[in-house]
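Number of protein chains: 2
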Amino acid sequence: MFGVTILGNNSAVPAYDRHPTAQVVTLNDQLFLIDCGEGTQMQISRYRIRRSKIHHIFISHLHGDHYFGLIGLITSMGLLGREQELHIYGPPELEGIIQLQLKVADTRLPFPLHFHPLTEEGLLTESPRFSVECFSTKHRIPCWGFVIREKRKPRKIDKEKLLRYEIPAAYYEQLKSGADYETKDGNIIPNEAVTIPNKAPRSYGFCADTKYDEGIIEKVKGVSVLYHETTYLKDLTERAENRFHSTTVQAAMIAQKAGVEKLLIGHFSSKYETLDAFRTEAREVFENTELAIEGVTYKIG
Amino acid sequence: MFGVTILGNNSAVPAYDRHPTAQVVTLNDQLFLIDCGEGTQMQISRYRIRRSKIHHIFISHLHGDHYFGLIGLITSMGLLGREQELHIYGPPELEGIIQLQLKVADTRLPFPLHFHPLTEEGLLTESPRFSVECFSTKHRIPCWGFVIREKRKPRKIDKEKLLRYEIPAAYYEQLKSGADYETKDGNIIPNEAVTIPNKAPRSYGFCADTKYDEGIIEKVKGVSVLYHETTYLKDLTERAENRFHSTTVQAAMIAQKAGVEKLLIGHFSSKYETLDAFRTEAREVFENTELAIEGVTYKIG
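One line per chain: the protein sequences are Y and V, in this order.
Here the first sequence stands for residues 1 to 301, where the numbers follow my numbering.
Here the second sequence stands for residues 1 to 301, where the numbers follow my numbering.
If you're looking for bench data, these hints aren't it; they were derived computationally from the structure.
Predicted model, so just to flag it, every value in this text is computed and none were measured.
Possibly wrong hints are sitting among the right ones.
Any copy will do: because identical chains look the same in the list, a pair fits if it lies in one copy or spans two.
[As the list claims (entries may be wrong)] Straight-line alpha carbon distances no greater than 20 Å define the calculated DMTMM-like cross-link-like pairs of lysine to aspartate or glutamate that follow:
1. Lys211 <-> Glu192
2. Lys138 <-> Asp106
3. Lys184 <-> Glu261
4. Lys53 <-> Glu284
5. Lys219 <-> Glu126
6. Lys103 <-> Glu93
7. Lys211 <-> Asp106
8. Lys299 <-> Asp235
9. Lys161 <-> Glu120
10. Lys234 <-> Glu173
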């Protein structure tokens, strides 16, 4: 399972029962929380997200609609007796904000909290199964996007051929990781002759808040699903530019130029009560576009 | 109109669609917000509270379930173009928390924000129509309760008697404020002979978070409505004591000893899915008790 569940799809001021930005990416039994606007802990309960499975939280920037819910989530995790460690990645000033609020409440968290300041683009964390990178976007204050990638999966054994070449089971793991096999006689059986490639690794790109910026294209090239903000419809291109946000058409152009498989759009301005026009406009440029709707989980790859 | 609308009635961790503490007191066209847990701005929209009428916000203490929604509310007020001044009363450290979060977002509020640190008991603000006092409660960290009082209303003119004593209209305002009338002959007509008292001024007492503390009785003596926390039912008296909270019976005893007209109870622990037992237990001690239910406005006096 690799998917993203939308907990909030609205921009700054909550409206029409839409919430500020928060998303949970599920990769097998690992949950990644991206951004944490006010009310995220309530949305987590509402959509029955297993908060104990969240070990990594990524905060794109310090506009309130992307992080005001973080301190409440952390505090509640503590009150609920969490013991597992939690990693938070965000702009450097975020650590002081968290620590100050814990201090004045005389709160000592019962779990280890590791803060990782975002200062440069690149790898943030990885395991044998995934990696997470960050890249900077163009917003009014420092802002970061994230790419969560599955690691390349081991090759699959072609059992029929193994039998034909009489390769012992003890070598299977080496073959999966791509090694050739040397027979007793010193002959080499190439890996490709006895294994088949697994599915291509899937990936999710989250572009945070940003004005139209072709610098992003390289960072999210070919991802399975790209989330790009679309605060405004295309008739407000100038307003988008002035406020360091993007329109439907701009998001779709990035998706197209980056050659992604699917585009997910969100961060809708509170001025829009309905969202259909966002989909229509984006699809005129990039057909495989979906609206990020709260509560829905979008499959990645 | 004098009443209190409950926006959140739950303790620390939100549960069962109950929200953390927040209440709006309406006194004619003046709204006072007391505490502002996470999600308060959404509750304000949900219950159609006119946020532009809020000029005073009182924060009892710096546990998150009483203030994590404040920065979001302030920020949204700014984004919505508020220009009127806003007064915030809270523990001194709150100002730094607000300013830090505005600074990292590079936010300049379009309205004047006046912060008033709570440091000693007494009068916080007053107008010709109301006064607000604070008093300290016994909690794990410094914590404040509030009393909002209507000012005593002017006496009413008894028109029939004014005619009988031939008192000119120019003296009416002086009579209303309690002055006697001296006739041309030097005779004194006592105020009580020509005016009748108006209704007694009404008042609302908010006890914040507190363990059972008889020191509170004097502060809220005779208020029209007393809000007192009841985090636990009476079988958890020891837990309440340890965690600086109160039980149903303790809240009702304070109400009884303070001779208040009505008791409103809230701040229910997340361990309770239903609330009926809270009412039953409190009423055994103090009959005129109501549960603080979200969205309901309770008349004061």
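Verification of the hints:
no.: 1; hint: Lys211 <-> Glu192; result: neither (45 Å within a copy, 72 Å between copies)
no.: 2; hint: Lys138 <-> Asp106; result: between (37 Å within a copy, 15 Å between copies)
no.: 3; hint: Lys184 <-> Glu261; result: neither (46 Å within a copy, 96 Å between copies)
no.: 4; hint: Lys53 <-> Glu284; result: neither (38 Å within a copy, 44 Å between copies)
no.: 5; hint: Lys219 <-> Glu126; result: within (17 Å within a copy, 58 Å between copies)
no.: 6; hint: Lys103 <-> Glu93; result: both (16 Å within a copy, 10 Å between copies)
no.: 7; hint: Lys211 <-> Asp106; result: between (40 Å within a copy, 17 Å between copies)
no.: 8; hint: Lys299 <-> Asp235; result: neither (31 Å within a copy, 48 Å between copies)
no.: 9; hint: Lys161 <-> Glu120; result: neither (47 Å within a copy, 84 Å between copies)
no.: 10; hint: Lys234 <-> Glu173; result: neither (53 Å within a copy, 62 Å between copies)
The earlier numbered hints that this structure contradicts are 1, 3, 4, 8, 9, 10.
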